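Chain by chain, the residues run as shown.
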Amino acid sequence: MREIRSGVLLRAFLRSFLIQGSWNYRTMIGNGFGFALMPVLRWLYRDDPDGLARATARHTEHFNAHPYMAGLAIGATARMEADGAAPEAVRRFKSAVRGPLGGLGDRLVWAGLLPCTVLVALVLAVVGADAGVVVVTFLVLYNLGHLTVRGWAFRTGVDAGPGVGSRLAAVDLGGKAERVQGVGVVLLGVLTGLLTARAVSAGGPGWAAAAAGAAMLAVGGKVGLRIWRPMSAVLMVLIVMLTVWGTLT
Amino acid sequence: MELLSLSLLGGLLALEGTSFGQFMASRPIVAATAAGWVLGDPGSGLLLGGMLELLHLSVMPVGGARFPELGPAAVVAVATAVAAGGGGGIALGCLMALAWGQLGGASIVLLRRVNGWIAPDPLTNPASPSGTEWRHLAATALDLARGTVLTVAGILVGVRVVAPVSAYWPLGRGATIGLVLVAAAMPAGALLRTFGGVRRRGVLFALGVLAGLVGSLLL
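Protein chains in written order, with the numbering used here: chain H, 317 to 565; chain G, 667 to 885.
Simulated from the structure, these hints should not be mistaken for lab results. Nothing here was measured: the structure is a model prediction, and the numbers come from that model. There could be a bad hint or two in this list.
What the hints assert, rightly or not - Covered stretches of chain H, going by a simulated chain G footprint (3 or more residues, C-beta under 8 Å):
no., region
1, 330–340
2, 351–358
3, 375–385
4, 451–461
5, 547–555
Stated by the list, open to error - Computed, partial: chain G to chain H, Cβ under 10 Å:
no., residue
6, Gly-687
7, Gly-754
8, Leu-764
9, Ser-773
10, Ile-774
11, Val-880
Don't be surprised by glycine CBs; every beta carbon is placed ideally from N, CA and C.
So that you can see chain G by itself, here it is in the shape it has in the complex:
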């Protein structure tokens, strides 16, 4: 039942991220928390979702560029992490998310090639008005199927193959989170550069850091 719910969730998130709306329900912080809710552990979902957001801060789905698909990957990550538990669950959940994000990105490229066959060339083989609509909806439905299959495969690999290895993970929960956060500082630096860089925005950034430090003392 959980596999069915999570797979459908992954499929809908894939659809939302690429074909329908882009309301950002497919962002890891939402997708992973939703998967956590399905598995009865929203806290783990939020933790993994937050770390995956940090790791992907510098990923922008610009134009036709290939980018990791985060929605289904976040669902797979939480399923793996909850099955494994502890620091190993967090590390292997991140591993699965990074791998499945790439696989999802590759499957989007493949889908877009297939869509080129579904949607005919209007210059040489124009479709009728209703044909245009049906072909568009067929391509959209194919995206839903792609996301669902991707999520099922990821959950099976994550829970059955990867999670059992977590017993050998040598770091505790705190150290594992620290390791991931240190890696996530790189995309954060890249985002700072996108926002204008230290030279242009250094004062604003320093004020923010100060506010964060003071805030942590008050909380």
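This is chain H alone, in the form it adopts within the complex:
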């Protein structure tokens, strides 16, 4: 087992922020994975150019994961390479973790942290907070979660190597996602209440808008996430039609 210098690991971690830079349909973030891991590979194979070339080819193969969680695979791969694991074992490990890292990250971040912090910002905006306060609050809250996830993932990968599965199970990211979504439900309710009160206070048309909004909320709940495509199309057509109507009257 060889130790990897902390400066080398730090460079790999910083490069992991660019992991999606060459996203493509053949290797997905495979090339980015190799780019992020390169400081470690150069350190480990500093006296073996042929070994470095072979390792580069291995680590630019197909890979995909949530970009924040990919650091876990990068860190664990660095540990396995340093420990002299067989290339086939590293390949099997990467194949095994990419699905769970994608699913957990999507649930925790895209369907939890992100909408929750967006809802906080929207509530602040609706109650009349200054634009700067809204933006800074959102960016600070979101990136506290974001950088915590990235940092934890990379450190855990380096520490645990191929044993990251038990670490993932121990921290129960699925349960954490569930709790974050619970907070999101409350925030979504608060935003709905604030906007409804504002609409109703406008009188007759406001009541109609609130009723229409409630109906649309139910439709969205029935259809699910794919609603944005038809909703966007209908809204665009409506805006164009109203503008054309305006030119004719």
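Chain H is already provided as a structure; the job is to place chain G on it using the hints.
Then chain G, alone, in the frame of chain H:
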């Protein structure tokens, strides 16, 4: 000067959203407010950014799925809205954001195809270590260029072609905001379903609504 600043902002936001970091500076509420600051009207930026956030609450950039690109679209929306002014500015700003978001999403798909050519197949044509790094950085730079060009084109179309039509927009500012918010209730419902739905989370949601109603009375 403003075109240059906004275009560079759009390019950097595109880069941040797809290739570098994903710190969420490219979310509409940040991007539109930043564009508003550049144009001297952060209030309009925040209003449009907030509405665009609501309209896209159900969009999640999962895996290789195609999704609207919101950063440059938000910049284009604010440039259009500020040039047009009034309710028409809000409506046409939203129109441009929705259209340019889709166009941005299509350009990401195209970029990813080009990236397949830039980053070689490691099984048949492996790159050297430094070649891997340079190709990766070249693809990243191409993303910045894509976002900048997309934003320039959007601002020119929005300000020169679309904004002048705002004089014919038949609704006032309040009614226009209401129209957009009613449409935005659909993605909000979809998000509620993602969070567990009314059956599982109905009590929490109702408590939130109550808190919002009471809060609006107190504020």
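How the hints compare with the structure:
As drawn, the region 330–340 of chain H meets chain G at 7 residues by the rule of a beta-carbon pair under 8 Å; at three or more, the given contact holds. With 4 residues having a beta carbon nearer than 8 Å to a beta carbon of chain G, the region 351–358 of chain H meets the requirement of three or more and the stated coverage holds. Only when three residues or more bring their CB closer than 8 Å to a CB of chain G does the claim for the region 375–385 of chain H stand; here the count is 5, and the claim holds. Remark: the region 451–461 of chain H is confirmed as covered by chain G, as 5 of its residues place a Cβ nearer than 8 Å to a Cβ of that chain, reaching the required three.
Requiring three or more residues with a Cβ within less than 8 Å of a Cβ of chain G, the coverage given for the region 547–555 of chain H holds, as 7 such residues are present. Taken as an interface hint, G/Gly-687 checks out: its beta carbon lies about 5 Å from the nearest beta carbon of chain H, inside 10 Å. At its closest, the beta carbon of G/Gly-754 sits 8 Å from a beta carbon of chain H; the interface hint therefore holds under the 10 Å criterion. With 10 Å as the threshold, the beta carbon of G/Leu-764 comes within range of chain H, its nearest partner Cβ sitting at about 5 Å, so the hint holds.
The interface hint given for G/Ser-773 is violated, since its Cβ lies 13 Å from the closest Cβ of chain H, which is over the 10 Å cut-off. At a threshold of 10 Å, the smallest CB-CB gap from G/Ile-774 to chain H is about 9 Å, leaving the interface hint in force. For G/Val-880, the interface hint holds, since its Cβ comes within 10 Å of a Cβ in chain H; the closest pair sits about 8 Å apart.
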